[in-house]
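Undergrad: Just need the whole structure built from these sequences, with the hints factored in.
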Amino acid sequence: MDPSLRTVKIWDLPVRLFHWTLVLLLGFLFWSGKTGGNAMEFHLYAGYLVLALVIFRVLWGFLGSTFARFSGFLAGPARTLAFARRLASRGAAHVAGHNPLGGWMVVVMLASLLVQAGTGLFANDDIAIEGPLFALVSKATSDRLSGIHVWNFNLLLVLAGLHVAAVLFHVLVKKENLVAAMFSGERRLDDPAACAASAPGVRFVSPWWALGLFLLALAVVILIVKRPF
Amino acid sequence: MNNKATLAALALAVGAAWSFQAAAQVKPETLVKQRQAAMTLQGKYFGPIGAMVQGKMPWDAAVVARNAGYLESLAKMPWDGFQPSTADVKDTDAKPEIYKEQAKFKSMYEKFEGNASKLAVAAKGGDQNAIKAAFGEVGKDCKGCHDDFKVKR
Chain A
1 MDPSLRTVKI
11 WDLPVRLFHW
21 TLVLLLGFLF
31 WSGKTGGNAM
41 EFHLYAGYLV
51 LALVIFRVLW
61 GFLGSTFARF
71 SGFLAGPART
81 LAFARRLASR
91 GAAHVAGHNP
101 LGGWMVVVML
111 ASLLVQAGTG
121 LFANDDIAIE
131 GPLFALVSKA
141 TSDRLSGIHV
151 WNFNLLLVLA
161 GLHVAAVLFH
171 VLVKKENLVA
181 AMFSGERRLD
191 DPAACAASAP
201 GVRFVSPWWA
211 LGLFLLALAV
221 VILIVKRPF
Chain B
1 MNNKATLAAL
11 ALAVGAAWSF
21 QAAAQVKPET
31 LVKQRQAAMT
41 LQGKYFGPIG
51 AMVQGKMPWD
61 AAVVARNAGY
71 LESLAKMPWD
81 GFQPSTADVK
91 DTDAKPEIYK
101 EQAKFKSMYE
111 KFEGNASKLA
121 VAAKGGDQNA
131 IKAAFGEVGK
141 DCKGCHDDFK
151 VKR
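Protein chains in written order, with the working numbering: chain A, 1 to 229; chain B, 1 to 153.
Hints are supplied without guarantee of correctness; some may be wrong.
Said to hold, decoys possible - Partial selection, computed: residues in chain A whose CB lies under 10 Å from chain B: (1) G36; (2) E41; (3) D126; (4) I127; (5) R144; (6) V150.
It is worth saying that the hints were derived from the structure and are not from the lab.
Every residue gets a Cβ at the ideal spot worked out from N, C-alpha and C, and that includes glycine.
TA: Right, dumping it as structure tokens:
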């Protein structure tokens, strides 16, 4: 192994679990949403889980580990543009966590997921199933939100496609194995010094904190869905 | 045959012919209203079965059997209202594709009619698992056709 390459931990367990659980849930939601019938009952449960995951991820973006924090990966327009220009040149990107473009993609995807889960709560399919908050709005409003639910799903597909394409670009062109990193949490960096400069004072927050935050998010979702008050 | 009887028969024949012609000339707007009414009632009787198989409403076997029986008949009603003459009616969510892909449309509603009949049979049988399975198949048919032939708003 090239001694200049050093293995560095980037993604904590909560981020990795969040990512892959979301992938599985979105696959199931896609299938059940297209099929209809009795699968729709589970479509709703999977949707609640996605909502809880997104709320958790937003909280983790403020309270979590260094590379999970929005403040760590959200760059201004100047830096984002500079990074995009540099991307065309050869060699690795020299960013340990989310690069500026990837960071904005995280925010856009989270926003789109929030819209998707949020509109789903009020949606109806004009057949036999309604979101848990359908009763709170008029049929016309629910129809409009159901339309957004369908439209925004196509946006999500485009975003997921862009995300996968960008990862493939890094794997094939930049020779950075981002897929393995999302499993192991570790990346091999050929310039650890440059990366350290991009993320000073790396700190990992205990996964138990993450579990607590996720349970909190889940409790919020259950309150929204069940409306005991 | 006396004159009276001949006259009556003639009047009857003219009346019948006239009423057939009237039926053939139902206004497109009326056809749309009629098929929408049938669809609306399908929803009325299908919905509670859904609420019961999903556990949102207490199970009532008599209501399930009655509703499924109504649905079996209602399932057959909308389709002759989808005449090409209605393609220009504004107040409808029916996509014009219905009149371009009539064979596909027909095969879809026939599948739906068949599954609605199966649901009615299951509902009379009373086995909740069988009813739920049959309910799911009908729901899929609704959705498949809506996805292809109903405008999303």
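Undergrad: Hint by hint, note whether the structure agrees.
TA: Taking the hints in turn, this is what the structure says about them:
The interface hint given for G36(A) holds, since its Cβ lies 3 Å from the closest Cβ of chain B, which is under the 10 Å cut-off. The restraint placing E41(A) at the interface with chain B holds, with a minimum CB-CB distance near 6 Å, inside the 10 Å limit. With a cut of 10 Å, the hint placing D126(A) at the interface with chain B holds, because the nearest CB-to-CB distance is about 7 Å. Taking 10 Å as the C-beta cut-off, the interface hint given for I127(A) holds, the closest approach to chain B being about 4 Å.
Checking R144(A) against chain B by beta carbon gives a least distance of about 7 Å; that is within 10 Å, so the hint holds. For V150(A), the interface hint holds, the least distance from its beta-carbon to any beta-carbon of chain B being 6 Å, beneath 10 Å.
In the structure shown, no violation is registered for any of the earlier numbered hints.
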